[in-house]
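Enquirer: Listed below, chain by chain, are the residues.
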Amino acid sequence: MRDKQLFFLALPPLLYLFSLTLYPILSNIFLSFFERTYEGSLRWVGLGNYLWFFEKDPYGPLILWNTVFYTVATPVIAVLIATPVALAIKRLGGRWLILVMLPAFIPPVTAAMAWYLMLNPLYGLGYYLMQSGLIKMNPLSTVWTVVLIDVWRAFPTAVLVIYSGLRSVPQTVDEAAMADGVVGIRKFFAVDLPLITPHILTAFVLTALTGFFTFDPIYIGTAQVGPRLLDNLAYYSFEKFASGEFGYAAMLIVLMTAVGTALSLIYMKALTARTFLKMPGVYRLPNREAPAVLHAAVLASALFFVFTPLIWLFLVAVKPPSEIINVPPAILPSRLALDNFIQVFTHGLPFFLMSIYIAAINTTLTIFLATLAAYPMRVHGVGGGYLVAYILYLMTTPTLLYIVPLYLVVRELHVYDTLFALVLTYPIMTLPYSIWILYNFYANFNRQVEEAALADGLSRVKAFAKAVLPLSRGGMSVAGLYAFLFSWGALVFPLAFTSTPYNLSNPLSFSGAQTFSIYIAMLMSPVTLSYGEVAAAGIVSILPPLIYLIAVRKNLEKVWGAR
Amino acid sequence: MLLVKGLRKSFKTFTLSIDELVIPDNTYVVLLGPSGSGKTTLLRLIAGLEKPDAGSIYIDGRDVTRLPVWKRDIGIVFQNYALYPHLTVFDNIAMPLKNKKMPMAEVKRRVVKMAEILGIADQLEKYPHQLSGGQQQRVALARALVKEPKVLLLDEPLSNIDARLRLEVRGFLKDLQRRLGTTVIHVTHDQEEAMAIGDLLVVINNGRVEEVGPPSQLYTSPRSLFVFNFLGLSNVVPAKLLGLGGEERVGFRPEHVALGNGPYVGRVARVEYLGAYKIVEVEYEGQFIKARAPPDFNIAEGQEVRFDVKKDKVVKFA
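Just so you know, the sequences run in chain order A and B. Read in order, the letters of the first sequence correspond to residues 1 to 563 in the numbering used here. Read in order, the letters of the second sequence correspond to residues 1001 to 1318 in the numbering used here.
It is worth saying that the hints were derived from the structure and are not from the lab. Bear in mind the structure is a predicted one, so any value in this text is a computation, not a measurement. Note that beta-carbon positions come from the ideal geometry of N, C-alpha and C, so glycine has one too. You may find that some hints are simply not true.
Unchecked claim - What the simulated footprint calls covered on chain A by chain B, stretch by stretch (three residues with Cβ under 8 Å from a Cβ of chain B suffice, anywhere in the stretch; the number is not a length):
| hint | stretch |
| --- | --- |
| 1 | 159-173 |
| 2 | 179-188 |
| 3 | 191-203 |
| 4 | 449-463 |
As the list claims (entries may be wrong) - Computed spacing ranges between beta-carbons, pair by pair:
| hint | chain 1 | residue 1 | chain 2 | residue 2 | range |
| --- | --- | --- | --- | --- | --- |
| 5 | B | GLY1181 | A | PRO286 | 31 to 39 Å |
| 6 | B | GLU1248 | A | ARG553 | 54 to 62 Å |
| 7 | B | MET1102 | A | PRO170 | 25 to 33 Å |
| 8 | B | GLU1168 | A | VAL293 | 46 to 54 Å |
| 9 | A | SER168 | B | GLY1286 | 41 to 49 Å |
| 10 | A | THR272 | B | TYR1058 | 32 to 40 Å |
| 11 | A | LEU99 | B | GLN1130 | 37 to 45 Å |
| 12 | B | GLY1181 | A | PRO170 | 48 to 56 Å |
| 13 | A | LEU303 | B | SER1159 | 41 to 49 Å |
| 14 | B | PRO1024 | A | ARG553 | 51 to 59 Å |
| 15 | A | PHE69 | B | GLN1130 | 39 to 47 Å |
| 16 | B | GLU1192 | A | PRO170 | 24 to 32 Å |
| 17 | B | TYR1273 | A | PRO170 | 42 to 50 Å |
| 18 | B | ASP1063 | A | LEU285 | 26 to 34 Å |
Modelling step: build the complete structure from the supplied sequences, incorporating the hints.
Expert: Encoded structure:
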């Protein structure tokens, strides 16, 4: 009966995950056949929503086109950039990986905001880009800016995946190639590329998913240039949700769920693919070891790309307010000014506190639940391959898909716009990823530790608590990093489930639950537009995940295989 | 001829240091040593997979020290074979030739010829994962030999082979070397394998060459005590114990100890039955001496026994 105890260990997280993901997925389908009337009741319209979108909606074609564009352009560019960068890191040492990975640890809304600040054609570097003729169109109003931000956020993940692929090529195969005289670019195409095909494919699908579900850059961008120009399905469905058209939003979400599921299935196939991409004519490529200088140049360019918007963000944040809105913009501040940070401290405090609360609570909760699920799944095969596949599926599809049904649930429970709404919903966003990290962590776990504890007479649950948990700290800290990062930087859930800032005059009610991401997004809106304050807020938003990242850096690099 | 001169390579806790090593042509050379002795490092230095801190390597009088692996006229077979998993057997073997842009017809002729020599001509369309371990090794051998290298380097080639097949592969490797007339350098830690297959043994210990010579010479009359102990069961005692005078120590093999008769009287401490023979350990004046006896030799632990040592087989060590 011991194995039953294990099943009970995994039960709470799995029950939570299944009820709060399966119900919304099914509920979306149901809702998509209804229309919300003016009075708020639902009216059956059959396929009406679908037909309207494809036949009548004036924005339909544009939105479909933008969605396809983001979904294709992002992975193509990200993988093309990531591959040479991964090669450079393999040559120059895994310690560079963490610097290139930095964009993945910056809240997405901050990343989008930093790019829009930098590209601003009047007050940002965009001014000089347009003056010099390097770019012709206004960078704020083009879909390319959205792709640029997506690539910036996503290419580090592609680098990581491709780098781990390159590392998985046995050293002796590298040496055999050397003995056969296959080196440099020819070796890459003749040996490496075929062997890392699954990794390239994985990187491609993961970045395509980022592109397909792009939300934050459009949210920030729309505030700069006005509605509908940059919209994709994800953003449009959110707009429809926000304006109360639940049936229409659900219909758009069902469409996205279908495409997202397809991409996710391709991703799972890619993970275990046994295909080799073979290029014809590789023996005509040059056969010379690329000089280390070239690799260093590639890495330097990648770091330039990574750091430029962050440096600009910092420069704006420390500018005296009078120097921020100057044409032409000054690049360096005349003096270091803290005015912007003081403003953030006075205006942003309730948002900051709420984000810290929810990030701390949800990280703790997620680590706990993820460990309970991951250990039995990996070491005892609880749930089998289907459960693993479902976790992977949840990991690759965003939480945007659940907002309509969950909003209705949150409202039913009378927790709308409170901390409790966030605590209830955030694990949906963080649990799958953390389970996946721990699931892989336990792959190399020495199971005999648990068996020794059982032999010493401990029950399964006690053995887990006394023998397994203390040895899981490395994996738990990394799972926690991602949980913290997602909780800290979340935008969609707080947008959907909150409407006012944390009410500090009655702090123990924990009501009013807008988070720091919302504060940043609000500062970018045309009404409150304040570039200095938003830049300072951006810097503040980067710090907590960065501190966490530095604290668990060693464990993280082990998970990445960079040391 | 392969010549290694003044070669030094340091790692954190270990230094390989070879003053001079000469490897004649058309010879099966075995680099033998305990694990961590530096034998694989020496192989990798000869291959060019590691760069030496000092010293030179010459192949046929040509200084190859600064040449990359593929310009050294060597072939390597890795311990795990390191076949390209994405290529067929044919393409694996053809890789070094195609890489030199050899005409396709010539590539084909050479690959097929080499595959026939190695007995894998019927496997050319398969992928490595469809082959047995032994077949994979033959593919790796073919890939290394198809370039017709001057020197073939084998890193622990028998360690991934089933114990049953090891004898067979051992014979095959030796035959292959005889047929092709290349120089083979074979790394192993197994002294029995080394003696069985090598024309010349290079015993390495602690980063240095301990002794070089044909197996029979190193087994019967080595200069190095380490080599004497490493190459088989051995007895090493002070010379005085056997009445041979001097302060030095002497070594002799168990098979050179005759039980039942002789000037010495000891007590049987232990008897090990090994099938073809017995090893009897005799305690004599505080020393334990191993003797080899026929399997039906009747003796019990604790019993007294007379024995003799064949004085002409005794090796003296300083």
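Enquirer: So, for every hint listed, does it hold in this structure?
Expert: So, going through the hints one by one against the coordinates:
1. Remark: the stretch 159-173 of chain A is confirmed as covered by chain B, as 3 of its residues place a Cβ nearer than 8 Å to a Cβ of that chain, reaching the required three.
2. Look at the stretch 179-188 of chain A against chain B: 6 of its residues bring a Cβ nearer than 8 Å to a Cβ of that chain, three or more, so the hint holds.
3. Using a Cβ-Cβ cut-off of 8 Å, 3 residues of the stretch 191-203 of chain A lie near chain B, which meets the minimum of three, so the contact claim holds.
4. Only residues whose C-beta sits within less than 8 Å of a C-beta in chain B count toward coverage, and the stretch 449-463 of chain A has 0 of them, not enough to reach three; the restraint is violated.
5. The hinted range of 31 to 39 Å is satisfied by GLY1181(B) and PRO286(A), whose Cβ atoms lie roughly 35 Å apart.
6. Separation of GLU1248(B) from ARG553(A) is about 60 Å and conforms to the stated range, judged on CB atoms against 54 to 62 Å.
7. In this structure the hint that MET1102(B) and PRO170(A) lie 25 to 33 Å apart at CB holds, the actual value being about 27 Å.
8. In this structure the supplied range 46 to 54 Å holds for GLU1168(B) paired with VAL293(A), their Cβ-Cβ distance being about 51 Å.
9. Look at SER168(A) against GLY1286(B): about 57 Å separates their beta carbons, and that is not inside 41 to 49 Å.
10. Between THR272(A) and TYR1058(B) the CB atoms are about 49 Å apart, so this pair departs from the stated range of 32 to 40 Å.
11. Remark: the range hint 37 to 45 Å for LEU99(A) to GLN1130(B) is upheld by a beta-carbon distance near 43 Å.
12. Between GLY1181(B) and PRO170(A) the C-beta distance comes to about 31 Å, which lies outside the given range of 48 to 56 Å.
13. Judged by the Cβ atoms, the range 41 to 49 Å given for LEU303(A) and SER1159(B) holds: they are separated by roughly 44 Å.
14. A beta carbon spacing of about 54 Å between PRO1024(B) and ARG553(A) agrees with the range 51 to 59 Å that was offered as a hint.
15. Distance hint check: the CB atoms of PHE69(A) and GLN1130(B) are about 43 Å apart, consistent with the given range 39 to 47 Å.
16. In this structure the hint that GLU1192(B) and PRO170(A) lie 24 to 32 Å apart at CB holds, the actual value being about 29 Å.
17. At roughly 44 Å, the beta carbons of TYR1273(B) and PRO170(A) sit within the given window of 42 to 50 Å.
18. Our hint of 26 to 34 Å for ASP1063(B) and LEU285(A) holds, since their Cβ atoms are close to 30 Å apart.
When held up to the earlier numbered hints, the structure conflicts with 4, 9, 10 and 12 and fits the remainder.
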